[in-house]
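Peer 1: Spelled out from the first residue to the last, the chains are:
There are 2 protein chains.
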Amino acid sequence: MSDAISPLAPKSYPEMPAVGGVRFATAAAGIKYADRTDVLLAVFDAPAEVAGVFTRSRCPSAPVEWCRANLASGKARALMVNSGNANAFTGKKGAASTALSAELAATAVGCAPEEVYLASTGVIGEPLDAEKFRGVVDDLAGAANADAGRWLEAGKAIMTTDTFPKVATRRVDLGGVTVTLNGIAKGAGMIAPDMATMLSFLFTDAPIAAPVLQALLADAVGQSFNAITVDGDTSTSDTVLLFATGTAGGDPVREVADPRLEPFKQALAELSRELAHMVVKDGEGARKFVEVTVTGAESDASAKRIAFSIANSPLVKTAVAGEDANWGRVVMAVGKAGEPADRDRLAIWFGDVRVAVEGERDPDYSEEAATAVMRGETIPVRVDLGLGEGTATVWTCDLTKEYVTINGDYRS
Amino acid sequence: MSDAISPLAPKSYPEMPAVGGVRFATAAAGIKYADRTDVLLAVFDAPAEVAGVFTRSRCPSAPVEWCRANLASGKARALMVNSGNANAFTGKKGAASTALSAELAATAVGCAPEEVYLASTGVIGEPLDAEKFRGVVDDLAGAANADAGRWLEAGKAIMTTDTFPKVATRRVDLGGVTVTLNGIAKGAGMIAPDMATMLSFLFTDAPIAAPVLQALLADAVGQSFNAITVDGDTSTSDTVLLFATGTAGGDPVREVADPRLEPFKQALAELSRELAHMVVKDGEGARKFVEVTVTGAESDASAKRIAFSIANSPLVKTAVAGEDANWGRVVMAVGKAGEPADRDRLAIWFGDVRVAVEGERDPDYSEEAATAVMRGETIPVRVDLGLGEGTATVWTCDLTKEYVTINGDYRS
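Chains as they are written, first to last, in the working numbering: chain A, 49 to 460; chain B, 49 to 460.
Keep in mind that the hints were calculated from the coordinates and are not lab data.
C-beta: ideal position from N, C-alpha, C; glycine also.
Hints may be right or wrong, so weigh each one.
Claimed, not checked - Pulled from the structure, derived: some chain A residues nowhere near chain B, Cβ distances all over 12 Å: (1) P55; (2) G68; (3) T155; (4) K180; (5) A191; (6) A196; (7) D348; (8) E371; (9) D390.
Stated by the list, open to error - Just a few of them, taken from the derived set where beta-carbon distance is under 10 Å, the chain A residues facing chain B: (10) G142; (11) R308; (12) L309; (13) P311.
Build out the structure end to end from the sequences listed, making use of the hints.
Peer 2: Encoded structure:
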């Protein structure tokens, strides 16, 4: 947790309504630091439907493996998250640690260990001593309640290098019943598709069956958590879980094609994007929020790869930090993406200012107008390839000296 | 050109012998700045055999297109290089500019424009006014000579953000005749495979035919200029050209399989690697030289992709800058490469210190010993995947605040 709050932090937080059937508590278990809130327990009064999307790292953390193994059942009674230690690259000790963590939580909550979902974030490669949860988790289970204030507290409990907590909420109609969708997230570095040390937990009281939840979540993640990058580095621990308690009532949704789902789908997409944007806005050292849109690509997938080539380029990101309308570096990043592109059809905009067209500087180019865009807090960059119909938008932040400072002595 | 010379700069430069048949001159043409040497002309007394390897950018510069088009002839009478403007993303103006540049040089030297090779480095997207070469190039052709001192001068003329000139030399036997191989290079940022704003020009008096030269160069580049990265950003202008004048005498080499070539092949590989290492050591803001070796991969190609995933990771590079033996970030970078890897077979070394084995921290891990390695100027990082026989080595530098400073206000 850094001292200075990101200048891109939200000015205020929404009032988070309760989600029926979910209770929270947080505690300081001394995972890495003493007296710092580092454990979050969410308890479901009845088994909740659950869906999950995880890192594509070939070296996933032990909790990611734990969750993946249990997701098939589609049922959750508890979620336990810790910061301070990622329990990643911890070998057999890692699996033993998740097993003990789940067992302790299960005993405290009164369920099977397989109904406990786990996530850990923090240092990689140091064994996580799950004994630290013993006792603590019983207190947590006893203290867990549904107070609205608990959401922000939950968001804070999972922070690492984050400078502000990330919460968002939506209310939406589902077949005549108003349902609530709340989410929390953490992440500030090691953020890239797919995904980052990005943890996000979404909760709804909507009555939606696990397989449907899974399809909805996979869809929402593609345009949100998997469309952001801070540094192009992908964590071993990325986890997004969506829990549905069903306490709002109404006929359960059992089919993805159910037309009642439309407003919920849209709300889930929006909420995911809002949380993902907050992650980028809390990017380590970030001072600018950059939205990169690619149009006219041969396909959406090609557009996304080009957009990420731009969004991950250190030269583009340092230019943004320097408020320099250096569109030559955007050309470079398009060129290096390895995707179909025709230099002489390229056009580039910063905000509404077209800086390049047909493979050269716009004849009406105004450095002043372009620089004015760069001085803003949000920098829209658009590239049109002039080849096809493929489009994509991804989000990133600038690369500042503070990023280097934060990451040059994170462990010390 | 930055004020402070990289701490990784060579302590001294080799004496560069003359290469028969090549003469040099440099001048200040005022391409971007007044009174700064920014043009290099190399003149070949007789047509030289020539080979080239270029950027794989989909948005190549006009000079890259010019060279590619003329390479088929395999003959060169002159090379003209300018810094200050890359003549990249300059549309039709760019092609007109290369045509005029070649014409002016051809008239001065007395050859066909197609025998003139061109390279430009500097700002992207601004038209290059080739009229600035008029007159200047005639003076250059008149002044060109073979003085040994001209090599370092030539190296200096092509610098942009480089803090030191890059030259290297080898003498080697070719079928009983001693031949000379000299090279110069520039590059400090926008350095990545394949390749970077990396220009390198190699000259030999060996009698080797163009098709053979091309095969040798392609081979050497893979293990040198295409195995380095500063920032993962690939330039529009990367060019490596190899010229052979044949003045050393001896029977011309017309076949790649000619056994006389072995020592020359090795010398070319070494010289290319030496120059490529200098580029990394002059990486913008660099204070540490990092050698990443991956062994035990499923294939050499897979090993190289994993090695680059490590070498390009901002989190790995900032950890190196902070002298932090943060091997968890190496695990992260292996995981995100998307290549076959088995977490529980991974082993990682910093220098000779094994920090991780079988998917967890080495039982004998000593933070002190690992930190001692990180305090050095050269940081060897090795990862063994335990899967197969694939190996690769790539080179990079650390990511410091100075990189951000240099690139945050390059254009201003």
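Peer 1: Failing hints, ascending?
Peer 2: 8, 9, 11, 12, 13
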